[in-house]
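Student: Sequence:
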Amino acid sequence: MKKHIFCVLLAAVLAFGLFMPELALETYERRLEGGSVEIQNNDISLSIGQDYDYFESLYLFTECSIQLELTEGNRMTGDQAAEKCKELRKRFFPNESESLAHMSVRPYLLAKGNDMASSAIYWMACWYDENGDFDGTVWIDDEKGLLISCGGRLRHEMDNDNEMVVYASPLKDAAVLISTYYLEVKGVENAAISGDDDEYIISLMGESSDKCFIRVFRQSDDMFYVVPHRVYLE
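In this note's numbering, the protein residues as written are 1 to 234.
Derived from the structure by calculation, the hints contain no laboratory data. All residues carry an ideal CB built from backbone N, CA and C; glycine is no exception. Just so you know, not all the hints are guaranteed correct.
To be verified - In silico DSS-like links for lysine-lysine, alpha-carbon gap of 25 Å or less:
{"#": "1", "residue 1": "K144", "residue 2": "K112"}
{"#": "2", "residue 1": "K144", "residue 2": "K90"}
{"#": "3", "residue 1": "K186", "residue 2": "K172"}
{"#": "4", "residue 1": "K211", "residue 2": "K144"}
{"#": "5", "residue 1": "K144", "residue 2": "K86"}
{"#": "6", "residue 1": "K186", "residue 2": "K86"}
{"#": "7", "residue 1": "K84", "residue 2": "K144"}
{"#": "8", "residue 1": "K211", "residue 2": "K186"}
{"#": "9", "residue 1": "K172", "residue 2": "K90"}
{"#": "10", "residue 1": "K211", "residue 2": "K172"}
As the list claims (entries may be wrong) - Using C-beta positions, here's what the derived DEER-type ranges look like:
{"#": "11", "residue 1": "T77", "residue 2": "Y232", "range": "28 to 38 Å"}
{"#": "12", "residue 1": "E87", "residue 2": "D222", "range": "20 to 30 Å"}
{"#": "13", "residue 1": "D129", "residue 2": "Y181", "range": "23 to 33 Å"}
{"#": "14", "residue 1": "D221", "residue 2": "R75", "range": "15 to 25 Å"}
{"#": "15", "residue 1": "L233", "residue 2": "A192", "range": "17 to 27 Å"}
{"#": "16", "residue 1": "T71", "residue 2": "F213", "range": "31 to 41 Å"}
{"#": "17", "residue 1": "S209", "residue 2": "H102", "range": "24 to 34 Å"}
{"#": "18", "residue 1": "R75", "residue 2": "I193", "range": "29 to 39 Å"}
{"#": "19", "residue 1": "V185", "residue 2": "E83", "range": "25 to 35 Å"}
{"#": "20", "residue 1": "Y232", "residue 2": "G195", "range": "14 to 24 Å"}
Produce the entire structure from the sequences given, and follow the hints as far as they go.
Tutor: Structural data, given as structure tokens:
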């Protein structure tokens, strides 16, 4: 039952000050050592001077323990981020309607520990249906608008009784579709897929021998998530 799954997890993360991308999207077995800190300050204005390449953005997303909700991004406006997230949603979740009842887009600063020099801005978009139920999410980085993480329904079709019929190997189809995207990203030289139809791992290799392992896994019978799991920078 997918009703409010993401919303409930998100509320719990915000309430207890845990790391939202890690728990809300993946419910990892591990916790960040020593917990994490959440800061809320809508009056802050930040400008990030250091440019991150794609692997660094993925790395920071997996390793951060400080989350700051912002009122604006650094490189992208809210409208630009919304359009990019819509574009990625349409590509990875072709069955989903573009006219959902509600879409929210928010920028976040994520930082590793107390070192604000190791920080970057990301945008999170969430979609909800007419009943207010969670219907998908896309995370992108503010620097380049590249996919960081996403979640939504597996590929499906509706039968004559208007019942959802999920394709035979939907998770593999999703992994292949998303790995194709990674190969289009500058700096990614190779994307290899391994696993079964419960979970796939996409192994990315960068030009400078950077490595990233992306989890593609089922959250329920018809929902799946794509989350960077481990990143190794050379």
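Student: Could you run down the list of hints and mark each one as holding or not?
Tutor: Hint-by-hint comparison with the structure:
| no. | hint | in the structure |
| --- | --- | --- |
| 1 | K144 x K112 | holds (20 Å) |
| 2 | K144 x K90 | holds (18 Å) |
| 3 | K186 x K172 | holds (24 Å) |
| 4 | K211 x K144 | holds (19 Å) |
| 5 | K144 x K86 | holds (15 Å) |
| 6 | K186 x K86 | holds (21 Å) |
| 7 | K84 x K144 | holds (10 Å) |
| 8 | K211 x K186 | holds (14 Å) |
| 9 | K172 x K90 | holds (18 Å) |
| 10 | K211 x K172 | holds (21 Å) |
| 11 | T77 x Y232: 28 to 38 Å | holds (33 Å) |
| 12 | E87 x D222: 20 to 30 Å | holds (23 Å) |
| 13 | D129 x Y181: 23 to 33 Å | holds (25 Å) |
| 14 | D221 x R75: 15 to 25 Å | violated (38 Å) |
| 15 | L233 x A192: 17 to 27 Å | holds (19 Å) |
| 16 | T71 x F213: 31 to 41 Å | holds (33 Å) |
| 17 | S209 x H102: 24 to 34 Å | violated (43 Å) |
| 18 | R75 x I193: 29 to 39 Å | holds (31 Å) |
| 19 | V185 x E83: 25 to 35 Å | violated (18 Å) |
| 20 | Y232 x G195: 14 to 24 Å | holds (19 Å) |
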